[in-house]
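*Asks:* These protein sequences, in sequence, are chains G and Y.
Its first residue numbered 1, the first sequence is counted upward by one per residue in my numbering.
Its first residue numbered 1, the second sequence is counted upward by one per residue in my numbering.
These are computed hints drawn from the structure, not numbers from a lab.
From the three backbone atoms N, C-alpha and C, an ideal C-beta is built for every residue, glycine too.
There may be inaccurate statements among the hints.
[Said to hold, decoys possible] Sample of chain Y residues facing chain G (criterion: CB under 8 Å; computed from the structure): (1) Ser31; (2) Ser33; (3) Leu43; (4) Glu52; (5) Gln54; (6) Asn56; (7) Phe60; (8) Leu90; (9) Ala94; (10) Gln102; (11) Phe104; (12) Pro106; (13) Gly107.
[To be verified] With beta-carbon atoms standing in for the labels, derived distance ranges: (14) G:Thr55 / Y:Thr38: 28 to 38 Å; (15) Y:Gly28 / G:Tyr39: 41 to 51 Å; (16) Y:Ile12 / G:Tyr39: 18 to 28 Å.
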Amino acid sequence: AQSVTQLGSHVSVSEGALVLLRCNYSSSVPPYLFWYVQYPNQGLQLLLKYTSAATLVKGINGFEAEFKKSETSFHLTKPSAHMSDAAEYFCAVSEDNAGNMLTFGGGTRLMVKP
Amino acid sequence: KAGVTQTPRYLIKTRGQQVTLSCSPISGHRSVSWYQQTPGQGLQFLFEYFSETQRNKGNFPGRFSGRQFSNSRSEMNVSTLELGDSALYLCASAPQGVPDTQYFGPGTRLTVL
């Protein structure tokens, strides 16, 4: 079975600072990888996905992630944090080839200080 | 297009009861997946339905079941509720594609007393 590890259950940054949320995965085959964001009392919203087309993936709201096979990592970054980025972020890997059976990491709660 | 809708949004049940949750996917989406989210276990995959057939199943007991109708709407049922079933149940729908991108609904918050 595949697994996803998100280092740091809580990350705090100042507004305008770099955001770096870490994700490592284990997979025996080239995976499909996803980052989702969850705001309070809401469902999950897709930020970006890796499908092997390009190692650097750009998503919504200025986020991007780089797939590094040698490190089995898919870290999420944003150059400048905004207060509205405060939320919980989940990294996920698909268990099946269609991407319909996701295994999620434990989540990282991002706090943005003014 | 309207997003994924889930009803009800909040539900309170007592131990031993059963519950049915409903999910209406985005128009045209034929795949519907269900996930359970709890503080202790995080997000866990329950099952996925495609064209009225269960295509994938997670590691949950048989008390958890689901079905999909011809219009792609889906229901999940939990019988003999336990306190540990208290969770946010999320439904996601996906169009056909490789890989599919799942679009999540707001969830149903189930509290078991």
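*Asks:* State for each hint whether it applies.
*Replies:* Going down the list of hints, with the structure as the test:
{"no.": "1", "hint": "Ser31", "verdict": "holds (5 Å)"}
{"no.": "2", "hint": "Ser33", "verdict": "holds (6 Å)"}
{"no.": "3", "hint": "Leu43", "verdict": "holds (4 Å)"}
{"no.": "4", "hint": "Glu52", "verdict": "violated (15 Å)"}
{"no.": "5", "hint": "Gln54", "verdict": "violated (12 Å)"}
{"no.": "6", "hint": "Asn56", "verdict": "holds (4 Å)"}
{"no.": "7", "hint": "Phe60", "verdict": "violated (13 Å)"}
{"no.": "8", "hint": "Leu90", "verdict": "holds (6 Å)"}
{"no.": "9", "hint": "Ala94", "verdict": "holds (6 Å)"}
{"no.": "10", "hint": "Gln102", "verdict": "holds (7 Å)"}
{"no.": "11", "hint": "Phe104", "verdict": "holds (4 Å)"}
{"no.": "12", "hint": "Pro106", "verdict": "holds (5 Å)"}
{"no.": "13", "hint": "Gly107", "verdict": "holds (5 Å)"}
{"no.": "14", "hint": "G:Thr55 / Y:Thr38: 28 to 38 Å", "verdict": "holds (34 Å)"}
{"no.": "15", "hint": "Y:Gly28 / G:Tyr39: 41 to 51 Å", "verdict": "violated (26 Å)"}
{"no.": "16", "hint": "Y:Ile12 / G:Tyr39: 18 to 28 Å", "verdict": "holds (24 Å)"}
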